[in-house]
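Chemist: Sequence:
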Amino acid sequence: MWSFKKLQLPSFLSSNLVVLVFIPLILLSIIACTLIGPQSSSSFVSFSSSWKWKSVGIFNSYSLRSLSSYEEQHKASSSFTSPFTNNSFHENLVVQEESIPHQPPQKEEGEEIERDESNEGEEEIDKDISNEGEEHGNNATKGVLKMYSKLERLEAILAKSRSSIREAARNGSMKSNHHDPDYVPQGPMYHNANAFHRSYLEMEKNFKVYVYEEGEPPIFHNGPCRSIYSTEGRFIHEMERGSLYRTKNPDEALVYFLPFSVVVMVQYLFVPGAHDMHAIGRTVADYVKVISERHSFWNRSRGADHFMLSCHDWGPHLTSYVPHLFNTSIRVLCNANTSEGFNPLKDVSLPEINLKTGDIKGLIGGPSPSRRSILAFFAGGLHGNIRHHLLEQWKGKDEDVLVYDKLPNDKSYETMLKNSRFCLCPSGYEVASPRIVEAIYAECIPVLISDSYVPPFSDVLNWNAFSVTIGVKDIPNIKKILMSISQSQYLRMHRRVKQVQRHFVINGSPKRFDLFHMIVHSIWLRRLNIRVQE
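For any residue, its number in the working numbering is found by taking its place in the sequence shown, counting from 1, and adding 41.
Since the hints were made in silico from the structure, they are not lab data.
Computed from a predicted structure; not experimentally measured.
For every residue, glycine included, the Cβ atom is placed at its ideal position computed from N, Cα and C.
Please note that a few of the clues may not be correct.
DSSO-like mimics (lysine-lysine), calculated; alpha carbons at most 30 Å apart, straight line [what the hints assert, rightly or not]:
1. Lys438 - Lys452
2. Lys447 - Lys539
3. Lys552 - Lys289
4. Lys436 - Lys447
5. Lys552 - Lys438
6. Lys402 - Lys447
7. Lys452 - Lys216
8. Lys452 - Lys520
Across the chosen pairs, the derived CB separations fall in these ranges [said to hold, decoys possible]:
9. Gly549 - Pro258: 18 to 24 Å
10. Gly512 - Lys436: 17 to 23 Å
11. Gly256 - Asp451: 45 to 51 Å
12. Ser214 - Lys246: 20 to 26 Å
13. Lys246 - Gly406: 31 to 37 Å
14. His316 - Pro259: 21 to 27 Å
15. Asp441 - Lys289: 55 to 61 Å
16. His316 - Ser205: 47 to 53 Å
17. Asn548 - Asn218: 48 to 54 Å
18. Arg207 - Tyr454: 40 to 46 Å
19. Gly549 - Met215: 45 to 51 Å
20. Asp441 - Asn212: 40 to 46 Å
Generate coordinates for the entire structure from the input sequences, incorporating the hints supplied.
Modeler: In structure tokens:
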């Protein structure tokens, strides 16, 4: 009978085979690793690494209707040039996908779940990923497992949220169909009430922010909580308190906050009379360099999932000291001027609020429309060309349109706001004005007079439904434009101002749908609009 026999080699051939075959293979492996290795890692180790990204287009399914002209303008080139740098704004927005073998995600020992709802969402994602892995396993070699990184797990959660928001956006109703014990968005003040509400609920369930701990107060982890820069300080302090959205684990964060205050930097670092702000700009650049060397997250996305926040006029320019911060990161700015590089598809317009006492007591509310005797009102200094033009045309010239550069001592500014039907909100030296929120607080219809300004929360709120926009060239026609608004239309706008008021209110402890949550939601939307890959 024929049978297999074990092959026997002479002992001298056995040792020669090792030398002739295996040692050359080992040498070839070493050479290959030496030549290929550095190339594969440099793209996310270098501070100025080249990282390609693209938008996943969540804004295409809802929102930003008021900015459609801006999108049309930049649709062809998908680029935006910074006035301070030569770097193009968009460079392919999402890393090209690669098929790399992985293994299923594993829960780390000692990992805690902060919210039950979030845990349920992750379990669903795990199930989806596992099913996908099983399908791949059936088509490929059985027994080979696919592992997903923590970043891929986060991106899977975001993909699920995008799908839910797009589904909600298909509902054309002006009222959300989601149950909510606190507030149900409805009405024409929203571009799509149902999509906004779904997005807000997804944010509450999934959004986590990591605040970098590098830096010392007062310049870092600190900010002013009263004065015209109050929104900057209030947001920084709330993030530092960490009761909402903040995570101490950077691996589970969806965005990363750079907690420096431009207002405090100006206070401590700017030399009065100096012709430049290099000391402040270098401080910003040094901080980004430090966090990029200590952590991998900045280099991984080239700053696309990082955000800074500033209500100072110099905020936009100071970000230009770090090209990726200007061109790629999410910038939350009061000075939301598109002519100076603000891009509403990635940047966030921050409301400017002048809190003189640190709270809003006595500022909210006002008389009914029938008790408002003043057609239009403004009081403010000659800051910038627009105000100069406004005062030149209307100061002391009409009893219905009351315009002052300095309010008489016998009149109260807050009382004048509350007795007016329309409140004029012209830009000053920069485009933002605290008068917009002051008008909303006083239940007075805001009249926006500016060039290149993006109003806050325009991705969600339809400003045309509760405000009036007047071009600078139409300042002489202010009375004619406002008088052409019928009484019924005015009453509708007044009701809508009262309804959106909740989105601009600063609370000592944030309440759902208030200013703090709306700022976070705007950041959440920008994060939804990109996909990060290692």
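Chemist: Run every hint past the structure and note whether it holds.
Modeler: Against the structure, the hints:
no.: 1; hint: Lys438 - Lys452; verdict: holds (18 Å)
no.: 2; hint: Lys447 - Lys539; verdict: holds (28 Å)
no.: 3; hint: Lys552 - Lys289; verdict: holds (22 Å)
no.: 4; hint: Lys436 - Lys447; verdict: holds (10 Å)
no.: 5; hint: Lys552 - Lys438; verdict: violated (44 Å)
no.: 6; hint: Lys402 - Lys447; verdict: holds (24 Å)
no.: 7; hint: Lys452 - Lys216; verdict: violated (41 Å)
no.: 8; hint: Lys452 - Lys520; verdict: holds (22 Å)
no.: 9; hint: Gly549 - Pro258: 18 to 24 Å; verdict: holds (21 Å)
no.: 10; hint: Gly512 - Lys436: 17 to 23 Å; verdict: holds (20 Å)
no.: 11; hint: Gly256 - Asp451: 45 to 51 Å; verdict: holds (48 Å)
no.: 12; hint: Ser214 - Lys246: 20 to 26 Å; verdict: holds (23 Å)
no.: 13; hint: Lys246 - Gly406: 31 to 37 Å; verdict: holds (33 Å)
no.: 14; hint: His316 - Pro259: 21 to 27 Å; verdict: holds (25 Å)
no.: 15; hint: Asp441 - Lys289: 55 to 61 Å; verdict: holds (57 Å)
no.: 16; hint: His316 - Ser205: 47 to 53 Å; verdict: holds (52 Å)
no.: 17; hint: Asn548 - Asn218: 48 to 54 Å; verdict: violated (27 Å)
no.: 18; hint: Arg207 - Tyr454: 40 to 46 Å; verdict: holds (45 Å)
no.: 19; hint: Gly549 - Met215: 45 to 51 Å; verdict: violated (32 Å)
no.: 20; hint: Asp441 - Asn212: 40 to 46 Å; verdict: holds (42 Å)
Hints 5, 7, 17 and 19 from the list above are not met by this structure, while the remaining hints are.
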